[in-house]
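J.: Read top to bottom, the protein sequences are chains A and B. If you count the first sequence from 1, position 224 lands on 224 in the numbering used here, and the numbers rise without skipping. If you count the second sequence from 1, position 388 lands on 388 in the numbering used here, and the numbers rise without skipping.
Just so you know, the hints here were simulated from the structure itself, not pulled from any lab data. Any given hint could be a false lead.
[Stated by the list, open to error] According to the in silico footprint, chain B covers these stretches of chain A (three or more CB under 8 Å from chain B):
id, stretch
1, 105–112
2, 124–131
3, 152–162
4, 175–189
For glycine and all other residues, C-beta sits at the position ideal for the given N, C-alpha and C.
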Amino acid sequence: MINRIDLKFKELKKKNKKAFIAFIMAGDPSLAITKQLVFEMVDSGVDIIELGVPFSDPIADGPAIQKASGRGLKSKATLAGVLNMVKNIRIQTQTPIVFLIYYNLVFHYGLEKFVKDATQSGVDGVVIPDLPPEESKELRKIAKKNRFSVIPLLAPTSPVDRIKKVSSAASGFIYYVSLTGTTGARKKLPKELGENLRNIKKITRMPVCVGFGISTPAQVKEVQKHADGAIVGSAIIKIVENNAGKKDLVKKVGRFIKILKGA
Amino acid sequence: MLPDKFGKFGVFGGKFVPETLMMALEELEKEYRIAQKDAKFKEELNSLLEVYAGRPTPLYLAKNISKKSGRKIYLKREDLLHTGAHKINNTLGQALLAVRMGKKRIIAETGAGQHGLATATSAALFGLSCDVYMGEEDIGRQALNVFKMRLLGARVIPVSTGSKTLKDATSEAIRDWVTNVRTTYYIIGSAIGPHPYPMIVRDFQSVIGKETKKQFMKYEKRLPDYMVACVGGGSNAMGFFHPFFKTGVKLIGVEAAGLGLNTEKHGASLCKGSVGILHGTKSYLLQDKFGQVKIAHSISAGLDYPGTGPEHSYYKETGRAEYAAITDKEALEGFKMLTELEGIIPALESSHAIYYAIKKLAPKVSKDKIIAVCLSGRGDKDIDIIKSSRLKGI
Numbered sequence: 001m002i003n004r005i006d007l008k009f010k011e012l013k014k015k016n017k018k019a020f021i022a023f024i025m026a027g028d029p030s031l032a033i034t035k036q037l038v039f040e041m042v043d044s045g046v047d048i049i050e051l052g053v054p055f056s057d058p059i060a061d062g063p064a065i066q067k068a069s070g071r072g073l074k075s076k077a078t079l080a081g082v083l084n085m086v087k088n089i090r091i092q093t094q095t096p097i098v099f100l101i102y103y104n105l106v107f108h109y110g111l112e113k114f115v116k117d118a119t120q121s122g123v124d125g126v127v128i129p130d131l132p133p134e135e136s137k138e139l140r141k142i143a144k145k146n147r148f149s150v151i152p153l154l155a156p157t158s159p160v161d162r163i164k165k166v167s168s169a170a171s172g173f174i175y176y177v178s179l180t181g182t183t184g185a186r187k188k189l190p191k192e193l194g195e196n197l198r199n200i201k202k203i204t205r206m207p208v209c210v211g212f213g214i215s216t217p218a219q220v221k222e223v224q225k226h227a228d229g230a231i232v233g234s235a236i237i238k239i240v241e242n243n244a245g246k247k248d249l250v251k252k253v254g255r256f257i258k259i260l261k262g263a
Numbered sequence: 001m002l003p004d005k006f007g008k009f010g011v012f013g014g015k016f017v018p019e020t021l022m023m024a025l026e027e028l029e030k031e032y033r034i035a036q037k038d039a040k041f042k043e044e045l046n047s048l049l050e051v052y053a054g055r056p057t058p059l060y061l062a063k064n065i066s067k068k069s070g071r072k073i074y075l076k077r078e079d080l081l082h083t084g085a086h087k088i089n090n091t092l093g094q095a096l097l098a099v100r101m102g103k104k105r106i107i108a109e110t111g112a113g114q115h116g117l118a119t120a121t122s123a124a125l126f127g128l129s130c131d132v133y134m135g136e137e138d139i140g141r142q143a144l145n146v147f148k149m150r151l152l153g154a155r156v157i158p159v160s161t162g163s164k165t166l167k168d169a170t171s172e173a174i175r176d177w178v179t180n181v182r183t184t185y186y187i188i189g190s191a192i193g194p195h196p197y198p199m200i201v202r203d204f205q206s207v208i209g210k211e212t213k214k215q216f217m218k219y220e221k222r223l224p225d226y227m228v229a230c231v232g233g234g235s236n237a238m239g240f241f242h243p244f245f246k247t248g249v250k251l252i253g254v255e256a257a258g259l260g261l262n263t264e265k266h267g268a269s270l271c272k273g274s275v276g277i278l279h280g281t282k283s284y285l286l287q288d289k290f291g292q293v294k295i296a297h298s299i300s301a302g303l304d305y306p307g308t309g310p311e312h313s314y315y316k317e318t319g320r321a322e323y324a325a326i327t328d329k330e331a332l333e334g335f336k337m338l339t340e341l342e343g344i345i346p347a348l349e350s351s352h353a354i355y356y357a358i359k360k361l362a363p364k365v366s367k368d369k370i371i372a373v374c375l376s377g378r379g380d381k382d383i384d385i386i387k388s389s390r391l392k393g394i
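Make a model of the complete structure from these sequences and hints.
T.: Below, the structure written as C-alpha cells:
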C-alpha cells in the first residue's frame with residue numbers, strides 16, 4: 001500500500017497544485033470538536049492535516065501553540081485518545097493525517113508500538129520537532145517497514161551538509177522552518193526564504209513544505225510559489241482559542257481556511 | 001572517554017533539539033574542542049578562577065560535626081567562591097567561550113538564582129549583554145539574587161508558564177536561543193541539556209573534584225571513602241565526582257525528597273523517575289504514565305527540577321554512584337546543624353548533602369571512614385525561606 005502522503009503529492013503534482021497543510025491541536029478544546037474540525041478542514045480543501053498531540057514542555061512552540069497544548073492537556077487528550085479519534089475519522093476520509101508530537105511522548109509510548117498503532121489508526125506520518133535525524137535512526141527503521149513517514153525538519157540555519165543528511169533521512173516530505181524562532185504568526189516572512197528553498201530543492205527531490213510564521217493568504221501564496229506546500233498553525237489555533245465554546249467555532253475555522261487558501 | 005561522539009553516556013544524553021539549534025551545537029562543540037587545546041584559553045580561565053573567583057577553595061575538616069558524628073567529615077568550600085556558589089566555575093568558562101565565538105549576548109536559565117547571578121557577573125566582567133529566564137515562583141522566593149542580577153545589569157525575565165520554576169525557565173531560554181541563535185550564546189548552568197553542554201559543564205566544574213583530590217592527598221595522604229553532593233541537574237555533584245570516576249571512592253548524589261518520596265511533591269528523578277527526554281537530553285525524569293513531565297517540588301529552588309544530567313543517569317545505571325533523597329524538613333535540619341555547629345550558613349541545596357552525610361551516612365560506616373561533602377553554595381539567598389519556615393514552625 002502506498003502512503004497517503006506520497007499519493008497526495010503525486011496527485012497535486014499532476015494538477016500542478018501546491019499543498020495546503022493545516023495544523024490544529026488535538027483536544028483543543030476537546031477531542032469531539034477536534035474531530036469536527038478535521039472534517040471541516042477536509043471540506044474546506046486542506047490537503048494534509050497536521051494534528052498536534054499535547055505535551056507538557058513544547059520547546060519549539062510560541063505562546064499560541066503552547067497555550068493550545070495546555071488546553072489539550074486539560075481536556076485529557078492522551079496519545080491513545082488521539083489515535084482512537086483518528087481511527088474514527090479514517091472511516092470517512094482519506095485525507096493524509098500527520099502528527100506533530102514531541103519525542104518524549106513517542107519514546108514513552110514505545111517506538112514499535114507507536115508506529116504500529118499509528119499506522120493501524122490511519123496516521124500517515126509524524127513530525128517530531130525535537131528529534132533530529134541523528135537521533136531518529138531507530139524510529140526510521142521501524143517506520144520504513146510500516147510505510148510510515150518520519151518527516152524531518154530543516155531550518156534557515158541548516159548548512160548544505162545538513163540539508164543532505166536531513167533529506168536523505170526524509171520520508172513523506174520535508175518540513176522547512178521558515179525562520180529562526182518558535183511557532184507563531186509573523187508580520188513578514190524572511191527575505192531569504194525563496195533563496196533558501198531554492199538551495200534545498202537543488203539537493204533533494206523530496207517535497208518541501210514550509211511552516212512557522214505563516215498566517216495570511218498573501219504569505220500562503222508567497223510560500224507556495226517557492227515550495228511544495230504551506231503549513232499554517234498558530235493562526236488557526238487563534239481562531240479556535242477565540243471562539244472556544246461558541247456554536248460556530250467549526251464553521252469559522254472552515255471559513256478562515258478558505259480565505260487562507262485564496263478560495 | 002564519555003560522552004561518545006554522539007554525545008551519549010551509554011544510552012543517555014544526545015541532542016534532542018529543534019533543527020534550528022543543531023548547527024549551533026556543532027559550532028559550540030568545535031570551538032570548545034579547540035579551546036580545550038589552547039594553552040592561552042586554559043591560562044586565562046585558570047587565572048580568572050584564581051584571582052577573580054577565589055580558587056582554590058579550602059577543603060575544611062569540619063571539626064564539630066565530625067566530633068558529633070564520630071566520623072571525619074570534610075567540606076569542599078565552594079560556598080566561599082565569588083557569587084556564593086560553584087556556578088561561577090562554569091559561567092566564567094562559558095563566557096570565555098562566548099567571547100571566542102564573537103557572541104555579544106548571553107542568556108541563561110536559573111532556579112535558585114545562583115547560576116543567573118554567576119552568569120550576570122561573568123557578563124558584566126566581559127561586557128556582554130545578559131538576559132536571565134527565571135520562574136515567577138523562584139523570583140518570589142529568591143528576591144535577593146534577582147536584585148543582585150539587576151544591579152549587575154542583567155535583565156531578569158519572569159516565566160509564568162507551567163511550573164513557574166526552573167523547568168519552564170529552561171524551556172523559555174531554549175525558545176529564546178532558537179530565535180536568536182545567530183547572535184546569542186546560551187550558558188546552561190547545570191550538567192543538563194543537549195550535547196555538548198553536559199560535557200562542557202562537567203569539565204568546567206571538574207576543578208572542584210581535582211582540587212579535592214589534591215587536598216586529600218596533602219591532608220590525609222589518601223582519598224576519602226565517601227563523597228556526597230546534592231543533585232538537581234547535578235553540576236556540582238558531577239564536578240565533584242568526575243575526577244574520582246576511576247577510583248574506588250564511593251559516590252553518593254543526594255536529591256530533593258521534598259515532602260517525601262511517597263508523595264507527588266519531590267524532585268528525585270534518579271530515585272523515583274524513569275527514562276525520558278526533556279530539554280534536549282535523554283535522562284531520568286519525573287513523568288506521568290503518559291510521558292507528560294511532572295512538576296517537581298523542593299524547598300530549595302536549585303533542586304526543584306524534574307530532570308537530571310545524563311551522566312548522573314549513566315552513573316546510576318552502571319552503579320558507579322548511588323543516589324539518595326533528603327526531605328525539605330531534613331534539609332532544614334542540616335542547615336541548622338551546620339550553621340550552629342560550624343558557623344557556616346549553607347545553601348538549602350547543599351544542606352541536603354550535609355544532612356545525608358551527618359545523619360544517614362556517618363552512623364552506618366565504620367569509624368575510620370572519611371567523608372567528603374561538596375558544600376556547593378552559601379545560604380544567604382535562603383534566609384527568607386528559613387525565616388518563613390521558622391514562623392510556620394517547621
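J.: Checking C-beta pairs, does the stretch 175–189 of chain A have three or more residues closer than 8 Å to chain B?
T.: holds (count 4)
J.: Has the stretch 105–112 of chain A got at least three residues whose CB is nearer than 8 Å to a CB belonging to chain B?
T.: holds (count 4)
J.: Check whether three or more residues of the stretch 124–131 of chain A sit with their beta carbon closer than 8 Å to a beta carbon of chain B.
T.: With 3 residues closer than 8 Å to chain B, the stretch 124–131 of chain A meets the three-residue bar; holds.
J.: If you look at each residue in the stretch 152–162 of chain A, do at least three have a Cβ nearer than 8 Å to any Cβ of chain B?
T.: As far as the stretch 152–162 of chain A goes, the hint holds, because 9 residues have Cβ atoms under 8 Å from chain B.
Checked against the numbered hints given earlier, the structure satisfies every one of them.
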